[in-house]
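With these hints in hand, go ahead and build the complete structure from the sequences.
Chains as they are written, first to last, in my numbering: chain Y, 1 to 238; chain S, 1 to 238; chain B, 1 to 238; chain A, 1 to 238; chain D, 1 to 238; chain W, 1 to 238; chain F, 1 to 238; chain X, 1 to 238.
I should point out that these hints are in silico values taken from the structure, not numbers from a laboratory.
Please note: incorrect hints may appear among the correct ones.
[Claimed, not checked] Simulated coverage check for chain W against chain X, where a stretch passes if three residues somewhere in it have a Cβ under 8 Å from a Cβ of chain X: (1) 37-51; (2) 168-181.
[Claimed, not checked] Computed from the model, here is a short list of chain D residues facing chain A with C-beta under 8 Å: (3) L42; (4) I142; (5) S173; (6) S189; (7) G191; (8) L199; (9) S208.
Cβ atoms here follow ideal geometry from the backbone N, Cα and C, with glycine treated the same way.
There are 8 protein chains.
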Amino acid sequence: MNCFNETSFADLDNVQLDLGRQARCGFPEVIFGEGKTKETILKIFRSMLEHGIDGFATRIDREKGAFLEQELTKQNYRYRYNPVARTFRLLHSINERETVSPVSGKIAVISAGTSDAPVAEEAYETALWTGAEVVFIQDVGIAGPHRLVANLPKFQNADTVIVVAGMEGALPSVVGGYVDCPVIAVPTSVGYGASFGGLAALLGMLNSCASNVSVVNIDAGFKAGYVAGLIAKKRTAK
Amino acid sequence: MNCFNETSFADLDNVQLDLGRQARCGFPEVIFGEGKTKETILKIFRSMLEHGIDGFATRIDREKGAFLEQELTKQNYRYRYNPVARTFRLLHSINERETVSPVSGKIAVISAGTSDAPVAEEAYETALWTGAEVVFIQDVGIAGPHRLVANLPKFQNADTVIVVAGMEGALPSVVGGYVDCPVIAVPTSVGYGASFGGLAALLGMLNSCASNVSVVNIDAGFKAGYVAGLIAKKRTAK
Amino acid sequence: MNCFNETSFADLDNVQLDLGRQARCGFPEVIFGEGKTKETILKIFRSMLEHGIDGFATRIDREKGAFLEQELTKQNYRYRYNPVARTFRLLHSINERETVSPVSGKIAVISAGTSDAPVAEEAYETALWTGAEVVFIQDVGIAGPHRLVANLPKFQNADTVIVVAGMEGALPSVVGGYVDCPVIAVPTSVGYGASFGGLAALLGMLNSCASNVSVVNIDAGFKAGYVAGLIAKKRTAK
Amino acid sequence: MNCFNETSFADLDNVQLDLGRQARCGFPEVIFGEGKTKETILKIFRSMLEHGIDGFATRIDREKGAFLEQELTKQNYRYRYNPVARTFRLLHSINERETVSPVSGKIAVISAGTSDAPVAEEAYETALWTGAEVVFIQDVGIAGPHRLVANLPKFQNADTVIVVAGMEGALPSVVGGYVDCPVIAVPTSVGYGASFGGLAALLGMLNSCASNVSVVNIDAGFKAGYVAGLIAKKRTAK
Amino acid sequence: MNCFNETSFADLDNVQLDLGRQARCGFPEVIFGEGKTKETILKIFRSMLEHGIDGFATRIDREKGAFLEQELTKQNYRYRYNPVARTFRLLHSINERETVSPVSGKIAVISAGTSDAPVAEEAYETALWTGAEVVFIQDVGIAGPHRLVANLPKFQNADTVIVVAGMEGALPSVVGGYVDCPVIAVPTSVGYGASFGGLAALLGMLNSCASNVSVVNIDAGFKAGYVAGLIAKKRTAK
Amino acid sequence: MNCFNETSFADLDNVQLDLGRQARCGFPEVIFGEGKTKETILKIFRSMLEHGIDGFATRIDREKGAFLEQELTKQNYRYRYNPVARTFRLLHSINERETVSPVSGKIAVISAGTSDAPVAEEAYETALWTGAEVVFIQDVGIAGPHRLVANLPKFQNADTVIVVAGMEGALPSVVGGYVDCPVIAVPTSVGYGASFGGLAALLGMLNSCASNVSVVNIDAGFKAGYVAGLIAKKRTAK
Amino acid sequence: MNCFNETSFADLDNVQLDLGRQARCGFPEVIFGEGKTKETILKIFRSMLEHGIDGFATRIDREKGAFLEQELTKQNYRYRYNPVARTFRLLHSINERETVSPVSGKIAVISAGTSDAPVAEEAYETALWTGAEVVFIQDVGIAGPHRLVANLPKFQNADTVIVVAGMEGALPSVVGGYVDCPVIAVPTSVGYGASFGGLAALLGMLNSCASNVSVVNIDAGFKAGYVAGLIAKKRTAK
Amino acid sequence: MNCFNETSFADLDNVQLDLGRQARCGFPEVIFGEGKTKETILKIFRSMLEHGIDGFATRIDREKGAFLEQELTKQNYRYRYNPVARTFRLLHSINERETVSPVSGKIAVISAGTSDAPVAEEAYETALWTGAEVVFIQDVGIAGPHRLVANLPKFQNADTVIVVAGMEGALPSVVGGYVDCPVIAVPTSVGYGASFGGLAALLGMLNSCASNVSVVNIDAGFKAGYVAGLIAKKRTAK
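Listed below in structure tokens is the structure:
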């Protein structure tokens, strides 16, 4: 389901490109790659480039990614493909540092374990795309309290913190006790048995006793990065 | 479970008052009134007043509220009790407008129906307590699309929007399509049959196709107001 | 499970063809293709053609579809196979326009996103088969409110509207607020994480605050089209 | 949650009366009585009477009902209160037969057992209010197949059939096999043990092998009656 | 999990053959084929034959079945393999009619649809193995009430009736209304969407309003046949 | 929901007394007392007595029971009221031993703990009413294996055993290993926490590794007694 | 359900007192007070005293507790009633310190919040009764990491740690990272909304990423104390 | 998710080897093999060997196992790979008997059926690795009570018993009644239908009426072995 197309559209056969979205919603349209063919995604990217939009796509598997890399390289377009995150980003109008300028705030992405990497990387790439400075801290799960404490200086001054965790999903509560900014919790489907595909982590995060924790869908790294980008942008808007 | 007490405490029998919380977490400690006696809550409030903290308590039913009003009035303390929201707030060190100054940002609280009032009012009072300017828009559920559109000017420039809804929980998605700020969705236990105590609304909100929606626990008006306050505070922090 | 065979049957080995169903239930028998071999389905189609029934089959995958196309083409039978909808329809006794005459009412099929296409197409083909005029509007999910409003003239005069949506399943409620006819909501298994295979959409639709919404099973495009056909037929019965 | 108020409203303090709903949605606004005070409901009724609308309210318990009867009797208003259905209907502009004229179609309401009466009666009263001729058949549960068959002549010519059942919720499937019109299934929370508050009946109805069955929420008698009224109205609309 | 081995065992490596089971529990031991290698199953069968037991195995897929057929044929053993039921039965000491003598009662196996065949056939083969006379009636689902009624003479004098159904699982209730013997309901995982792998059928059967219905696990055709065999045996025990 | 009334009825206002049930289904009609007034139940009993039926009613609480005792005593009717089982049985045409003659078979009722008594007693009374000889063994839960073994002689020769248990619901499996007759398992809602109102016991019983166990609804003592009666009756039928 | 009675019993009407349990299972029998009358409990206590057993009872509410206190005081028996824990313990043969001697090991009981007190106190009293030295640390929930760290010296040398928590149930994982002994996690039903009566905490604890955590039922303070007592006893057994 | 790394680490690219864990938590670090490449696991093992740690890894499938065997054999390292348990253990510094000396206590591992072998073997290997004497008893499910009793002498003197079972999960309760030590119950995902991936067994074990049973996650053989090792170690610690 393409939830990201909205109002005024460039009609690309059965895909309608929303050109006015950045003005209305803060960021340009994002392509949800699952269920779209690689040719369709390429066509959308080309239309975006024509309109001066450096597009961003999620759920781009390796086969689709290789195709896009090959085609866009032919035309000397610059891009950034992260196969773990499954994100593909056009960089044509962006400077060499691959970041927009000026930076719009600071986001920390923290993950509990290495198995959470795909979701955490998706959140990381999305947060980068929103123009924020992003700190990425991995593998600091709750069973190793000292590791998290050692990383405090890196994330305590962030505008918002994204915490990605599976299994019991307790890391956001612990992080929430150390910061004075909103924490966005992302449950992952990592685990087995009574994790029930991420349900245990989701329920844990919803019941967090830390007051500053809100939650997004299981494995929804993109949404966490997007909301974080909006918060960070607000901070530096003035 | 009192999750709000944290590190350095004034010992009040079996309650430990966290005096350093505002510095660490952005806001002073909040009292979760459920499961505490009215005498205990009064004792905590008095200790807070001694330390110059204008406390805030949630889940204060009418009987506890009446007792607190009577006792605090005797001592000429100013307060604000909202029996629908079940919140009780000390106002001793606050100016006559009952708002802190300068205002730290703008929050909109939107509810779907009149039955959602207790949760929406709790979010509203909490947001007020965080020092934000708060707009409160009630009874604009999804079945009446024109009503929401008519209220757009009131909330489109907010720093964040809290949306409170029961039953199918679709309102946050609709609101999310109109704003460029984070939307905090609060499912309520309002409904019957297959609403399963708010589960239907919760699942609907987690699966929202709007990218800017994050979710808190069922009936968690306080948490929504708290997170919103952190977002709004950030805006004017620099 | 073949629930469509009912009373007086032509015995085709272990399949019993219900010849009196149109008289009793309004429409001829429908073949549920899942779990039947392609040879069995062909045999049923041939028996139907002998009895002057232009049969309709659902859940016909591409391999079964190709076989049926090949065999029926050999014998100069006309048919309509929709591989996205996975429906196969005989058209032998039907005029060139491929619609029955006179048209028996008007049905609108509305889908939230492109991923919902298989279910929406199944509903569309079934509605066509019932003899109704059918309007098909795709990709107008709730995150893009303007798109739905732009399509209002196309569906507001329908006898009934089928709304197909996954994820949070909120579209039927929004559509329900714009029309004075029954809305048949079809949840789809499209989504991830806490969508739990369509459960979130199903619960959302059951809890719709729009009074004119009833619901069918997850992914049950056929049933929605069938019920819509009965409603539309009632409308023009006199 | 009041989902029935929609666009143009008479402002009654915190209640907004939708005066244009009949034109837009086919029927005048309905008051959901749960969570409203008796005084508020009376005020809405009076405003309706001023605007020439014969209002209809659901979820009116005996205490609210007695109050409304007393107040409306004082002013010589005519009404119809059904304490089992918990519905209250104004009849001021309606003729002595208590039905609108001309009748708009025929609806059958069938219930499985006597315990389902409150839900079945709510469906019955709502169907009556929509102006349809309504046949009410009670206590013909699936365990007594002969009883249902004996009643066939009463409901086989209906425009639509509402079937109300708890426990295993199998009655709609059985009824669906006998009629050529849409069947609206209403699961009830009647049962114990593994009925899980109506969940068993709900799932049974959603999985019905009869093609003509759609479903509404558990205990949603009003919604079933409303949808049935829309179907029956269609029939004679042209 | 091999739950069928019990007390005194012939030790076959890691499998322990229960030789005294028939005396203690009424029937000889049954081999649950899932999770056992074909060689292990063959070894158990050989040991059974040595002890004069005509074994019975369930969950024997086609590959294991072919191997057993080949090996047992080499040694001139007689057997009965039903690849749909996935059952394999030794017949060495059984007469040509492949039934034990005298017949120990009458069991009817009734299935709702053709997709239920694997479970229904497993129940059928198990019932045969217990020595009962077995009537097998397929494809008489609830949507076709006339078909069931037409088959009444075949099953009304049975000692017990096994009813196999997926989807809404309503058939046992209907059958239960026609007979004066116990009905054993077997929910199957046939269905889609809200059938949740047979959960809907299971709940429907547990909530059956027919007093004579008890239930076994989803897809547990073997257990239904086994219990039915015990009941039928009891009937003719004297 | 009155599931027990079926075909030919004596019309008692809104209750229809099934007079031909014993012939058709093996036992006379049973009154489900929940949701019926005490006056209605008395009226049904009187009608039964007029037709020579010694009626049986379940779910008769102490208030209804006292009323029925008082009224029936006035008229010198004999009855048996078990307030723990909540069953009320007319004994007018029955001999002094309060059992029908000849006894039709033997049923054992076994319960795990004293808290299961209401369900176990309901099963016991129902089994008695079916005319069987009934052995009642209480408080032999799985944690005390020796107690069950000590009672083996009492139930090993039964025609069927009813096992009533809450919590983990393991007792039926254990009993099943000792007998060569069908075991009817009744889960109860006894327990706390993760027993989820009897769900844990229900799932445990459905997954029993004993082949001779079938299951009825949570707390369904009546249904277990009824099915057991049918099995025991069969035994001596020929 | 009385699961604690087991083999050799003193017969007290319908209660059977297990006199040999201490020898067989390590501790004397425990009385589960729920569902037993106060008179029955008194009778069991008296029988225990006659046999020299200092009994222990759980789930003794204030009314039963007051009765037992009154009756046992009359006879100069010593006891310890904890109305928060709802435990009642006889102390007749125990020395003045109310602890057995020598102490059998060390147990720590840690609770997340004050609302968890009833469960934590039950665990505490049970652990005391097993003869262990018990440290009780309350109100150190995960949101206040410094409080737990400050208490480390108190519990790091325990033989086992019981951790009681509701809401997200994350405390056992955090504690597990600090100790080299088994952690017994007790989820409580404390929370609201998506805590679903303790389910969220239960799932969180089962999915704990700490290797040394095992779990007992929701609110099962007694069982946690009992298991902890067995572990502590082992430590000093040699 | 690697939950086992904790504080002071040897940095191996993105893996951090915890060298101080044995001192802090009682046992050296364990490698969770799922989601790690075979090269990464080899690198960790080599680093462990350099630091004199005989590592232990779980979830090592046959392909990873073969690679590790080949590589470690080249370097003359000794190891123990159990492909059923999916565990791989280095034995370099361990004596010929492959057990540490002195033995730290006695653990019994009991499984219900052969299908539970992978989980039971994982528990067995883990328990061995902790240095305990381990007794392994397989295939003694609850349906065969005599088999368990026959094995009593083998496990009644254990310091703790691990019980592994799927389906109804009743075996731990039965075992619990025979021993005076803690029982650690491991539900497995073995079963079908209403076992719901081990949920039935999990709920059964949590609701065990035996007081000495605690539970770990579904299929969590490692965790059971680890906790058991901690308990057994305690026994001989003094």
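Tested hints:
Interface restraint, the region 37-51 of chain W with chain X: violated (0 residues with C-beta to C-beta distance below 8 Å; minimum three). With a cut-off of 8 Å between beta carbons, the region 168-181 of chain W has 8 residues touching chain X; three or more are needed, and the interface restraint holds. The restraint placing L42 (chain D) at the interface with chain A is violated, with a minimum CB-CB distance near 41 Å, outside the 8 Å limit. Taking 8 Å as the C-beta cut-off, the interface hint given for I142 (chain D) holds, the closest approach to chain A being about 5 Å.
Checking S173 (chain D) against chain A by beta carbon gives a least distance of about 5 Å; that is within 8 Å, so the hint holds. About 12 Å separates the beta-carbon of S189 (chain D) from the nearest beta-carbon of chain A, more than 8 Å, and the hint is not met. Restraint check, G191 (chain D) versus chain A: the minimum CB separation of about 6 Å is within 8 Å; hint holds. Because the beta carbon of L199 (chain D) sits about 7 Å from the nearest beta carbon in chain A, less than 8 Å, this interface hint is met.
Using the Cβ-Cβ criterion of 8 Å, the hint placing S208 (chain D) at the interface with chain A is satisfied: the shortest such distance is roughly 5 Å.
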